[in-house]
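Q: As given, the protein sequences belong to chains E and F, one line each in that order. For the record, in the first sequence the residue sitting at position 101 is 100 according to numbering that gives the first Met the number 0, with numbers rising by one throughout. For the record, in the second sequence the residue sitting at position 97 is 96 according to numbering that gives the first Met the number 0, with numbers rising by one throughout.
Check the hints yourself; a few may be wrong.
Facing chain E, a subset of chain F residues (Cβ under 8 Å, in silico) [to be verified]:
#, residue
1, G9
2, D10
3, V13
4, G21
FYI, nobody ran anything at the bench for these hints, they're computed from the structure. The beta carbon of each residue, even a glycine, is placed where N, CA and C say it ideally should be.
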Amino acid sequence: MPKTTIGKSLFLDGELTGKDGLIIKGKLNGNIKVEGSILVEKDAIVKADIHANNVKISGEVKGNISSTGNVHYMEDSTVTGDTKTSRILIEDGATIKGSVHINI
Amino acid sequence: MSDPISNIEGDIRVNGTLSCDGDLIIDGQLEGELSVKGNLTITEIGNVAADTQASRLTVSGKLKGKVNADNGVLIKSTASVLGPIETNQIIIEDGADYSGTVNMNVELPKDL
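Looking at chain F on its own, in the form it has when it is part of the complex (with noise of 0.2 Å):
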């Protein structure tokens, strides 16, 4: 009935604001904002340039912005990813380019 999954694919520029409650594929390209509340996956001919919310991100192609993401990062090793992210978890696979700072809302212990 409901469908979460929108995407933006092919040759479809977006320039402006996305505001999302479900999953969203970018295949194309968008500058502005994003802010996603389900899983937002950037594909390998994917660009963006957005400051960047989203429960979970994975991203294969470009994305160039802050990043906040609860639920987790991934940066694939195809993927080119230039901003400050702030999540809980990050994986960065072997490959990728990835410049920026990253801060995960981890208490460290006192003794550390």
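With the rest of the complex left out, here is chain E (with noise of 0.2 Å):
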């Protein structure tokens, strides 16, 4: 699990890089590259390309992911942005505007 977490009370217009994962519970604005996984829990806002290992989305992302791993996106998420992933669950109940493309 990763150990970085942007709580619901914390604000962040910036990049943000690093070989960790992170938890988003709060807001966020710019660019996200890591090289470990992400998860965007309910409830937080994520204006952001996202480049991760694994994503996890439960709230709000706006902008293009690119995943190296796997992408899950949760029954309350809602995703306006292209995906690229190699392998995707999208579960009941997620909303996403967007191109998703799963390379083999």
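Mind assembling these two chains? They're in different frames, but the hints should get you there.
A: Have a look at this one:
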């Protein structure tokens, strides 16, 4: 599980990079490029392009998502943007606007 | 219910403006601007290059930039801090590296 947490009371405007993963519960504008996993929790609002290993989303994301592992859009997720990944799971109830590319 | 603590930990670098209504712990690297309404802690492996505003600040790692902390600044013995500090209360532990000016918002007696 990632250790870094962008908590509910936190707002970040800028770039996030690194080798580890993170959990986002708050608001983030900008760019995320990490080698670890990303979890966007319910009520989180992310306006950023995301490059990560595994991506799991339960909140709101506006931006393109590219994953080297798998992508999981949970039932209460809202995603606006294109998705590039090798594996994807979209749950019933997830809202997506954008293209999905699954590379084989 | 609410979680007041956010943390930047491990190999994660932040570049930009970070504002926080609660407490924040920095275990990673941050460059930019930092505005925390609660307590800010920079741990021994934390490395921050930012103008920093917080209610209370505790530094054990590296910090470079202007500091404004109304309710106190604690610079621990392992810390290395560079930059002007504005606060009402300050503690610098033996062994800490500090270079900068300290401005405490106190009124000195007139006859001093």
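Q: Can you list which hints this structure breaks, lowest number first?
A: No numbers; nothing is violated.
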